[in-house]
Structures are given as C-alpha cells and as structure tokens.
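Number of protein chains: 2
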Amino acid sequence: MPSDNARGYAKGRARRREILLAALRAFAEQGFRATSMREIAEMVGLSQAGLLHHFSSKEELLEEVLRLRDEEQTAFNERLGEGRGLDAIRYLLDLVDLNARQVGLVRLYTVLAGESVSPGHPARQYFLDRYATVRERVAQRLRSARDEGELRADADLDGASAVIMAVMDGLQIQWLLDPETVDMPQVFREFLETYLRGLAPDDR
Amino acid sequence: MPSDNARGYAKGRARRREILLAALRAFAEQGFRATSMREIAEMVGLSQAGLLHHFSSKEELLEEVLRLRDEEQTAFNERLGEGRGLDAIRYLLDLVDLNARQVGLVRLYTVLAGESVSPGHPARQYFLDRYATVRERVAQRLRSARDEGELRADADLDGASAVIMAVMDGLQIQWLLDPETVDMPQVFREFLETYLRGLAPDDR
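Quick mapping for you: the protein sequence lines, in order, are chains A and B.
Take the first sequence: its position 56, counted from the start at 1, is 56 in full-length UniProt numbering, and no numbers get skipped.
Take the second sequence: its position 170, counted from the start at 1, is 170 in full-length UniProt numbering, and no numbers get skipped.
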C-alpha cells in the first residue's frame, strides 16, 4: 500500500495538473496579461493563498503551461529524425493534422504568441527561443533534401524554414476564426507541395 | 477668423486623435483585454470621466483604433486595381516593405489578431470580416493571372490566397520577435517568387 507521504504527493501532483489545465484554458481564452491569479484560483475552487501554495506567481504558471504544451508535441518531435530528404519535411503534414484536432492548445499558442511580441512580455524569450530552434530544425531537413538534389542549390533555406513556420502560424489564426471556410490541413498540404515544387531544381 | 465653435471643434478633434493614438499604443503593448480605460486616461492626462466624454467605452476605442489602422493602408488598397495578371499580386511586396517601417501598427495588428481568436473578443468580427475580404481580393487577382495562363488551371486559388495572407501574418510574429534574424521583406519576396513558380503551369 502506498504510504501517506506517497498518497499526499500523488494528490499534490493531481492538484497541480488541475491548476495548470485551468490556467491553460484561461490564458487561451483571455491571454496571459488579462488573466488574474484570483480567476485561476476560483476556477479550481481554491483561495488565492491556496493557489500560491502550488505556484508562486502567474509567471511560473505560464512557464509550466508552455512546458505542458511542449510535452504534447514530443511524440512528433521524436519523429523528426525519420525519413530522408523531402520525406523528412512531410511530417509537418501530420503535425498540422494533429493541431486541427487540438483547438484548445492551438488557441493557447496563437493568443500567447501574439501577446509575446509586445515589449517585456514574460513569454517573449520562450517564443524567441522556440522559433529559433524550430526554424533551425526545419532548415536542417531542407538542407539535407538540397544535398540529395531535391531542392535547388541556391535556395535560401533559412528563409524557407521561416516561411513554412509562418504559414502554420498564420493559417491557425484564419482557421480559429473561421474553421468552416479555412480547411487548415488541406490548405497546408497544398501549400507544402506547391512550395517544394517552386524550390525544386529546374531540371526536375 | 474661425468662430469659437469651429475652434472648439478642431480642439475636440485633436483631443480625440491624441486619445486614439494613446489607445493604439496601449493595445499594441498589452493587448485590448489587459488595457484599462483608467490607463488610457492617464496617458493623455484626463480623468476617466473626461475620457468617457470623448469615447463612451473601451470597445468604441478599439473600433476607432482599427479604423485608423485601416486608413493607413488605404493608399495601398487603391493600388490594387493596377497591373494585370501576376503583376497585380506583386503590390504585396510594397505592402510588406511598408509594414517593415511601421513596427507600431504591425505590433498592434499582431497582438489584436492573436487575441481575437478567443471566444467573445470584441475584435473577432472585425478580423473575421477582414480576412474574408482580403482573401477574396487576393484570390481575384490570382484568378485573373490564371485566366491569362500564368497559373495552373487546377490550382486552389482560394487556398493560395489564404496561404499568402498566412505568410504575411506569420512572418510579422517572427520579425517582431527577432528583426535581426528575420528580414521580413526579403523573406516574403523570395517566398512569393518561389510560390508563384510552384503554381505556374508545367509548360512554362
């Protein structure tokens, strides 16, 4: 049987997760700045002091919410190593399909990324680092495809990587606003094929 | 000489504009939801009652701020009719160049567009309408280019229009976060050439 300690620990962990999910929902619905600790405490039936026992500040909650979001994508990041050349880029199609089934997480990401461009926002560094990391990861795949002769030798692949991320982010905004009109997975799929065709060497 | 009335009117207009510019700055820096009327009043040295004399609510201020932003782009919208076929699309290069010189307005747009995807946001309808309008405008130009044989007959041009807007929005986020790394006008220029090449008929 688990000891009292272990049971207390499990209970504390469950409580933390409940708080994190409430914070995630609140940040996704109103953004970080407009959400108060009082509101989050109310969502989980805690006093503000009770909430502070688990998380010392709204900034700490934000950090943990972003970490939680990253974990959800881990499975996809692990598949990044698979495939050669252009096949290694096409995992992004699966990622966009996944996103289309996770409207809450996509909304969180869109609201926070938009907020983060304002000076002094606590998620600014997170997004700065995240874009740099993912751009480099996608650019590496593009370079490997170029080395196999699938992309033209003189293409700006760092720029292309920024473009591919931009399409993902920008389509999320349009899809969240108007999912009936913008079929995000389908539009992204056609974009990727068209764009890679545009990047292909002339003789192919 | 202007009458007292005319002078009072001009003064009221100048005051309104001053308030609008303060609201624009506040919304761009912290978003709509996290900005209070009290803060905006303080920025222009008014009491809250004095501010309410000019604008009856934060929602009215938001509406006027968005209208002000749209006016700044009027000159560009008017040029939309110029050029035939693909040339009619390339005015977007000038628009992105202009945006790169208007960091405040671009930040406003990015923060508010991000916020607007959350349920019940007062700018939601504005962005919904705006995306629909601009997508259709760009799609029309693409269809005219297709009719002249510059784009493949079977391309999904509504989707392509959504993609072009997505790249503009997504690059703004990356550029606002990291202007040293992401040369927005240059990356957009290369994107547009590459993408249009990908959309071209096979025999060209």
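It should be emphasised that the hints constitute simulated quantities derived from the structure, not laboratory data.
Honestly, I wouldn't trust all of these hints.
Where chains are identical, the list cannot tell them apart; a pair therefore holds if satisfied intra-copy or between any two copies.
Claimed, not checked - List time: in silico SDA-like cross-link candidates among lysine to any residue, alpha-carbon distance up to 20 Å:
1) Lys-58 <-> Arg-15
2) Lys-11 <-> Ala-41
3) Lys-58 <-> Ala-34
4) Lys-58 <-> Glu-29
For clarity, every value in this text was computed on a predicted model and none was experimentally measured.
Hints and how they fare:
1. Lys-58 <-> Arg-15: within (16 Å within a copy, 37 Å between copies)
2. Lys-11 <-> Ala-41: For Lys-11 and Ala-41, the Cα distance is within 20 Å only inside one copy (17 Å; across copies 47 Å).
3. Lys-58 <-> Ala-34: This pair counts as both: shortest intra-copy Cα distance 11 Å, inter-copy 14 Å.
4. Lys-58 <-> Glu-29: Result: close both inside a copy and across copies, 16 Å intra and 19 Å inter.
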